[in-house]
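*Asks:* Going down the list, the sequences are from chains A and B.
Using our numbering, the letters of the first sequence map in sequence onto residues 94 to 194.
Using our numbering, the letters of the second sequence map in sequence onto residues 397 to 865.
Just so you know, the hints here were simulated from the structure itself, not pulled from any lab data.
The reader is advised that the hints may include incorrect statements.
What the hints assert, rightly or not - Simulated crosslink set (PhoX-like; lysine-lysine; CA at most 20 Å straight-line): (1) B:678 - B:845; (2) B:469 - B:427; (3) A:96 - B:451; (4) B:768 - B:678; (5) A:105 - B:451; (6) B:451 - A:102; (7) B:830 - B:768.
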Amino acid sequence: MFKAIDTGKQRKVITLRVEGHDVCAYEGDTLAIALLNADVVVFRRTPVSGQSRAPLCLMGICFDCLVEVDGRQNVQACMLEVQPGMQVCLQKGARRPEEVA
Amino acid sequence: MSEAFTHDLIVIGAGPAGMSAAITAASIGMKTALLDEQPRAGGQIYRNVSEVGPKIGALLGQDYLHGRPLVDKLSRSAAEVRHGVLVWDVNRDLAITAMQEGRSFQLRAPQLIAATGALERASPIPGWTLPGVMNAGAAQIALKSSASIPAGPIVLAGGGPLLLLVACQLLDAGATIAGIVETAPRANRWAAIRHLPAALGAPSYLVKGLKMVRRLRAAGIPWFTQATELVIEGRECAQALRFHSAGRECRLEAGIVLLHHGVIPNTQLSRLLRTEHVWDTKQLAWAPRVDGWGQTSLSGFRIAGDGASIAGALAAENSGAIAAIGAAFALGHLDSVERDQRSSAARRDLARQLSIRPFLDTLYRPPEWINKPADATVVCRCEEVTAGRVREMARLGCQGPNQTKFLSRCGMGPCQGRICGGVVTQVLAEALGKPPAEIGSYRIRAPLKPIPMESLAALSHTQFKGNNP
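In isolation and in its complexed conformation, chain A is listed as follows:
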């Protein structure tokens, strides 16, 4: 969907896991941009009807970029910077109930 252009600066590359696959991203990128750069088209499926969705605003307003990060559900991907080893799952419908410890 998106691609990074040459900034004239050296940028550090880190690796995260998305749906079990390694995905490279630039340090400092938001997770939403990293996923767009990695050609993730459908970020989530809606709880209501299963429609496909991806970011609309990239500024924390629309909540269409919700993903699961390291087991936390409904995280706004546009408000989170990528970290090495981050485990990302794409949400398919409503939030799962969590087990009570």
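Following the hints, complete the assembly by docking chain B onto the known chain A.
*Replies:* Relative to chain A, chain B alone:
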């Protein structure tokens, strides 16, 4: 929380208005805190400005780089700046509850300035929920924050200075633009000419606008005007934009469709605090009522920048300084002579910035149809409520957005009506034959954004007050 104040002034949002307010207040000697949701100062307009290299900086232009000295000044000021902070509740006694790194905490000051800026007006056309459809501002954010651009062909549709600016920046960054589809009706041009003499008070805006048009024309980008009946095609993601222009049906293939119909004030905080709002019939949006010092109808609560009324980054910088000076006067840090002296330059510059607004607001007034979506079109993206369902509820007797919300969940999803609020008010206004001002808006409650329950645990040691009824 105790009655004690933690600060003299708390500013929310580190865009031009918030940075300027915090810098000004700290320079007057007020104990000031600036809370911002992003990792770095700048807001959306100057997003990442302290980090971008010369290449991306040059691409984004001088208006963007204007934010850099402001960020530098903020970092040298005595204001306490906290980033990554989500303010999720403000009480009417101005006690603030915020979350940082998953933990909630409270602050309180006798003066509060909200500088929470603007958001892009919704463009509810068929297919606007498909992946690949984004606000034009989102593409600019990707460029500013990560030097990322759409990989395939792009169509830009709508109207306003930002649409043309984003088109120019994407073009310079090497993106492929399949077309620009302007939706402003022809009547806007004639109506705008009347405001041209006043706009000459800020001639640089007009020169920039003409330069952008010339740049895009020279690039040979297909350009369509007075477009209507926009439909985004695609099953799982956007594939093409279909529309009518100059009496014929057109279709542009693109995987990224960037929509823009201007920006509107982000009023979540002022709505939470139940301050007075007016329906701005020129900008077609709610605006909180403020006086010349940013003071709202709630004593001590001020609003600066685009959150009060859309006027742009330079105006926001001025209104931030003016609001901070107003707050300093209210607390007795300045007498009225000092107050007027200190604010006079900002006020003069603000008046100059505002002189372009009647022209821009008229030229880029959104087409009527953008707020009259077809029955089958989703207006509430979160809960997937269509315009037809909202109209049906109006026929069943619903008198306002809170009743339709109660009966259909329209506006009840995670975005809490930020996207659909203005549209639903206007759909109901039309259906009920009343002006939007009489229809009202969603009642906003804490938390302003969904927060995890565990973040409340840190608050357990402080006495927690409930919010407004």
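*Asks:* Against this structure, judge whether each hint is valid.
*Replies:* Outcome of the hint check:
no.	hint	verdict
1	B:678 - B:845	29 Å, violated
2	B:469 - B:427	16 Å, holds
3	A:96 - B:451	16 Å, holds
4	B:768 - B:678	17 Å, holds
5	A:105 - B:451	17 Å, holds
6	B:451 - A:102	9 Å, holds
7	B:830 - B:768	14 Å, holds
Hint 1 from the earlier list is the only one contradicted by this structure; the remaining hints agree with it.
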